[in-house]
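Engineer: Listed below, chain by chain, are the residues.
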Amino acid sequence: MSTGTAVAALDRQQVLTTLGRHWNPTAALMLAATGRQLESHARGSEVFAEDGSRALDFAGSYGVFLVGHQNDAVRSAVLDALETAPALVPGTVHPATADLFTQLTEILPAGLSEFSLGCSGAEISEIALRAAYLARPGRRRIVIVAGGYHGKTLGALTVLGQHEHRDDFTPADDDLVIVAPGDARAVREAVRAGDVAAVYVEPVLGGAYLRVPPADFMPEVAAACRDTGTLLVADEIQTGFGRTGRMFAVEHSGVEPDIMLLSKALTGGFVPVAVAAMTEEVLAGARRSPQWYPGVLDGTAVSALSMAAAAATIREVRERNLPERAETVGRALREGLKWAVRKHPRHLVDAPGIGLMTGLRTRNPSVENLISMQMAARGIHLGHSLNEQMDQPVLRFYPPLTVSAADIERVLAALDESLDWLDRRPAWLMRRISSLLRRQYRLPPPLVLKLMHSDLEVNW
Amino acid sequence: MKPSGLSETGLSEAVASEAVASEAVASEVVLPGTGVAAGPADPAAVVRRHLIRDREPSGRPVPVVARQRGARVETRDGRVLLDAASGGFGGAHPRVRAAIADQARRVALSSRILVSRPLAGAVAALAEFCPGPLSVSYLCNSGDEALDSAFKLAKGTHPDRPYALGIRGEDFGALSHGRSLGRGSAVLPGAPLRPRTVPAEAPEELLARVDESVAAVLIAPAAPGRPLGRLPLDWWVALRERCHRTGTLLVVDERRTGPARLGRPLGTGALGIFPDVLVLGETLGADAVPVGVSVMTRAVYERVYGRRNPSLHGSTFGANPLSAAAVSAVLDAVVSDDLAARQREFEQAARRLGREQAGSAELHADGSLLWVRTRAPGAARRLAAELAARDVLVREPAADLVTLAPPLTAEREDTDQILDRLAEALKALDTEETAR
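As given, the protein sequences belong to chains D and S, one line each in that order. Heads up: the first sequence is residues 1 to 460, going by my numbering. Heads up: the second sequence is residues 1 to 436, going by my numbering.
Everything labelled a hint here was simulated from the structure, so no lab data went into it. Check the hints yourself; a few may be wrong.
Cβ-to-Cβ under 7 Å is the rule here; a few derived chain S residues that face chain D [as the list claims (entries may be wrong)]:
1) VAL65
2) LYS155
3) THR157
Note that the coordinates shown come from a computational prediction; the quantities given were computed from them, not determined experimentally. By construction, the Cβ of each residue, glycine as well, lies at the ideal position given by its N, Cα and C atoms.
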């Protein structure tokens, strides 16, 4: 019997045991502690478990499921590539790559015409870093935003604004300037000496730090970069393809970056893909560098399925006018979350949101955790930060842009119930839970399951 | 706390309402003039214009792919090329393709909030396939990224050690740390690990360079220009011991050599040692699904990631169900179709060719990893051009080396053709060289 046949016969405990032994012991413990079921399939805004339960997916893998799960057009493009010619063979051109490039040139700011392909956001974040250092020789410094995220490969870690994810590997050094979110004046100050190669910025700061910047932030950052010959790298990995109500978040301010990073939604929910788009000026500058060598800006794309998925996704976004939908359909969600903040100030700080990139800034990690679990019990998945060390993590609501108004209404109703439930919990309990959460990975695993009233066993 | 109450709908009902939803969606998306694989009339021109690529133009038009079957690449203009370039699994294995298609129709990427059965299948299969104590798998999106995760693991193990050690001129992938090691100089000024390297001509010197400033040694069992037997067994054993003694991680890079490529399940099996980390690449995704894996011992994993927040490392797409299904299907095919045996047959045929051809170039094959060392980089480029003229696809030569690695699932008939055409190309190269 092959392993494949064997895994089909495993029960949930056995699957968790396998994941705990051979994949990630702490992730398996968390899945067990939160009582997660086995994933079966997904469709539109919903995911289905093997036990027949279903949930609205407002987590959306932090922006991956922009066109919904199992989008028909994307799936058929992927299966077609799989059937005819699935690989990108060196020395040949696959029509799907050309199709993707044509689509991209039609929607990107006109100057961004040079593309590197990769398999993940982190990989192309590294490509942008190499391009920036090459095109601005002699400049060693990089400016990033506190809380900013540009991937966790060892090279990308050097521009990560989340110290909790990097300090064990490579603490920030003097060449990294970290500015507060939305602080354009600090950016101008940082680049003034002309020794900064690039400013890395998410046009809307994402992740558990979700924050919409003031309207003049991006234009002022762009101006400071222009004045000092500093490159502006716009990381649109979470925001691109309509999430914020425009095709790209930089369009809200009309800023044209030197390099743009694209991934997540571009996959159509099917196959990993990422693109670094840069201007001819950046590429020409990089090629003039004495450090340049052939292939230094190449990525690792091997799959034609990725190309086909990405091209089909952009078509979907354009034909269904999803950016506009994010703005119009998203209004109800944004307003609903703001209303929740007004009604429950004890638990919620604010409700940052633009388009369908929305969330609740919680008072503390236990609030984020408890809302998340209450909503899961009501059949709704949210984008949990998994970051219990932060003071005020944002619980994200990133539904597909194809989401129905009725689903948004259902989520808001469930949120209201969940918050009412939370209101009835005493303050000491919240403090207790926060402290437990912060120590959860140090607790004996069987105790974690006991605290969560789980009937599963930690045998890995 | 379990999802319950509001979510008690049975699966059959879910599927029924899914069918209704699917019809509704389908009627919305059918718009005029939007064929699936539409796209530009001259794909090669579009890609040439926009893809950042630094190759020297060959003067030859770049073929546009219409169809792929094993090593056969049919082009739009009706030619059939033979793929000795991709070095992967091959695109048309029926069971593997069916497994990928089946998973793609259910759930491909995932928010990973629920428990993944395909992932459990993949990591169990990897633990079974990999030797000895290698039992914990990190899945990501490419072999290069998997190799990068080994650099990161090394830095997490030894935050104070500045170096990664490897053979200069060999391939360590496209991520910045891998590039630095291959070139012997840092490509990022603030890189957490700096390269320490030995020349490709003297790989054995690696052993003496392992000390307590080295976080990890990264080495492939074999590489173009370096036969599997180039470093003797006692050398590998000594390397293993020295890594033990200094706490240096020993990372064996099998992105190009495993599974099956060298005519055995893994190249590591020929080394007589167990590494701390073993890295596998795109072959596991059947060249269709981007995936890479680093498989490590539990002890090495625990030291950095044990009892820590699982988001300390990872990526949005990593460990997705589609890639997991591909990994399981590929490993199953490698074993049940005995693909290693097929690569051994190729090796024998290639070695016969090596003995028969009396030219100036050196030819070597370990399994179906075949390389030709020419007299100079110029000759390597000419050999690649001779192969291209005979419709054999190879990668850009690396200095004086031309590498041929057909898909693991290539038919015998096609690999025989590749070798025949290589023989012709070598003969033509010799004629040219003599004329010079």
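Engineer: For each hint, tell me whether it holds in the structure or not.
Structural biologist: Hints, verified against the model:
| no. | hint | result |
| --- | --- | --- |
| 1 | VAL65 | holds (5 Å) |
| 2 | LYS155 | holds (5 Å) |
| 3 | THR157 | violated (10 Å) |
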